[in-house]
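All chains, full assembly: derive it from the sequences and hints.
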Amino acid sequence: MKKLAAGLIPLLFLAGSVACKKSEPPPPPPPTTTTTLPVPVGVLAVNLGKEIGADKRVTAPAESFGMKDTIYASVETTGAGHAKLRAHWSFVKGDKTAKVDETTIEFESSAPAVNEFHISKPSGWPKGDYRVEIFLDDVVAPVMTKSFKVS
Amino acid sequence: MTAEDKKDEGMPDFSDVQSGASSTAPVAKVYETYEVKRGDSLSKIAKHFYGNANDWKRIFEANTDILKDPNKIFPGQKLKIPAKQ
Chain A
8 MKKLAAGLIP
18 LLFLAGSVAC
28 KKSEPPPPPP
38 PTTTTTLPVP
48 VGVLAVNLGK
58 EIGADKRVTA
68 PAESFGMKDT
78 IYASVETTGA
88 GHAKLRAHWS
98 FVKGDKTAKV
108 DETTIEFESS
118 APAVNEFHIS
128 KPSGWPKGDY
138 RVEIFLDDVV
148 APVMTKSFKV
158 S
Chain B
171 MTAEDKKDEG
181 MPDFSDVQSG
191 ASSTAPVAKV
201 YETYEVKRGD
211 SLSKIAKHFY
221 GNANDWKRIF
231 EANTDILKDP
241 NKIFPGQKLK
251 IPAKQ
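So the sequence lines, in the order shown, correspond to chains A and B. Each residue of the first sequence is one higher than the last, beginning at 8 in my numbering. Each residue of the second sequence is one higher than the last, beginning at 171 in my numbering.
Take these hints with a grain of salt, some might be off.
To be verified - Result set (SDA-like, lysine to any residue): computed pairs, CA atoms no more than 25 angstroms apart in a straight line:
no. : chain 1 : residue 1 : chain 2 : residue 2
1   : A       : Lys153    : B       : Glu202
2   : B       : Lys254    : A       : Ser130
3   : B       : Lys199    : A       : Ser117
4   : A       : Lys106    : A       : Phe142
5   : B       : Lys238    : B       : Thr203
6   : A       : Lys63     : B       : Ala198
7   : B       : Lys254    : A       : Glu58
8   : A       : Lys63     : B       : Val187
9   : A       : Lys100    : B       : Phe184
10  : A       : Lys156    : B       : Gly180
11  : A       : Lys100    : B       : Gly246
12  : B       : Lys227    : B       : Lys248
13  : A       : Lys91     : B       : Ile236
14  : B       : Lys214    : A       : Ser127
15  : B       : Lys199    : A       : Pro119
16  : A       : Lys106    : B       : Phe244
17  : A       : Lys106    : B       : Gln247
18  : B       : Lys199    : A       : Asp144
19  : A       : Lys103    : B       : Gly180
20  : A       : Lys106    : B       : Gly180
21  : A       : Lys106    : B       : Gly221
22  : A       : Lys106    : B       : Met181
23  : B       : Lys250    : A       : Pro129
24  : B       : Lys207    : A       : Asp145
25  : A       : Lys106    : B       : Lys254
26  : A       : Lys103    : B       : Arg208
27  : A       : Lys153    : B       : Gly190
28  : A       : Lys134    : B       : Gly180
29  : A       : Lys134    : B       : Met181
30  : A       : Lys57     : B       : Gly190
31  : A       : Lys75     : B       : Val187
32  : A       : Lys91     : B       : Ile215
33  : A       : Lys103    : B       : Gln188
34  : B       : Lys250    : A       : Thr111
35  : A       : Lys57     : B       : Val187
What the hints assert, rightly or not - Some chain A residues flagged as far from chain B (calculated, every beta-carbon gap over 12 angstroms):
no. : residue
36  : Pro32
37  : Leu55
38  : Ala67
39  : Pro68
40  : Ala69
These are calculated hints, taken from the structure and not from any lab test. We put the CB at the ideal spot given by N, CA and C, even for glycine.
Below you can see the structure in the form of structure tokens.
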């Protein structure tokens, strides 16, 4: 009996030490590096009007203009980086179109920006339907199109 | 005759349209696009846009990617016309 007890004691110690052994804390996760890539420039809105303010926004949005008006298209962009914005102005008569003007602006943006394009015609605009298409960089399709009238 | 000319048949004349652009962001360049027509020269185009035929060099310098000789421009070429200074 003594022999048996003597044999059990080391076993009990061993079992106890295993049971009481604290588990190692998990290794800390590797540090995560958050690299924020710059969001490329995108077009947020296009508004037409007869005047713009110092902030390049139209003071009163309009879709109808007089024959002697200067027509402004204010283009709001988001994102950052180099961008090329192109405004293609057209006169539309049925299924025919005539190019009125095409102007491109290239800029370096670090934050949202407002860009303006404007056209005027000293001899007066022919009455009818017009549209302006805004293109971004070298993408073939316009990112936004606005129609307006001269009456 | 270019495809654009065909579309313009019987349409009003917009050759006296004046245009411009600006931005709240630092601007690198502002330019109009002009499609060369038969009989055009850089001097003639400069006279039309700037009122001075001697400004042809500005147009040439803005288009050295497509023009190698200022005396050789062809109908259908699309030229960048830098904004008036």
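Check each numbered hint against the structure and report the violated ones by number, ascending. As far as the earlier hints go, not one is violated by this structure.
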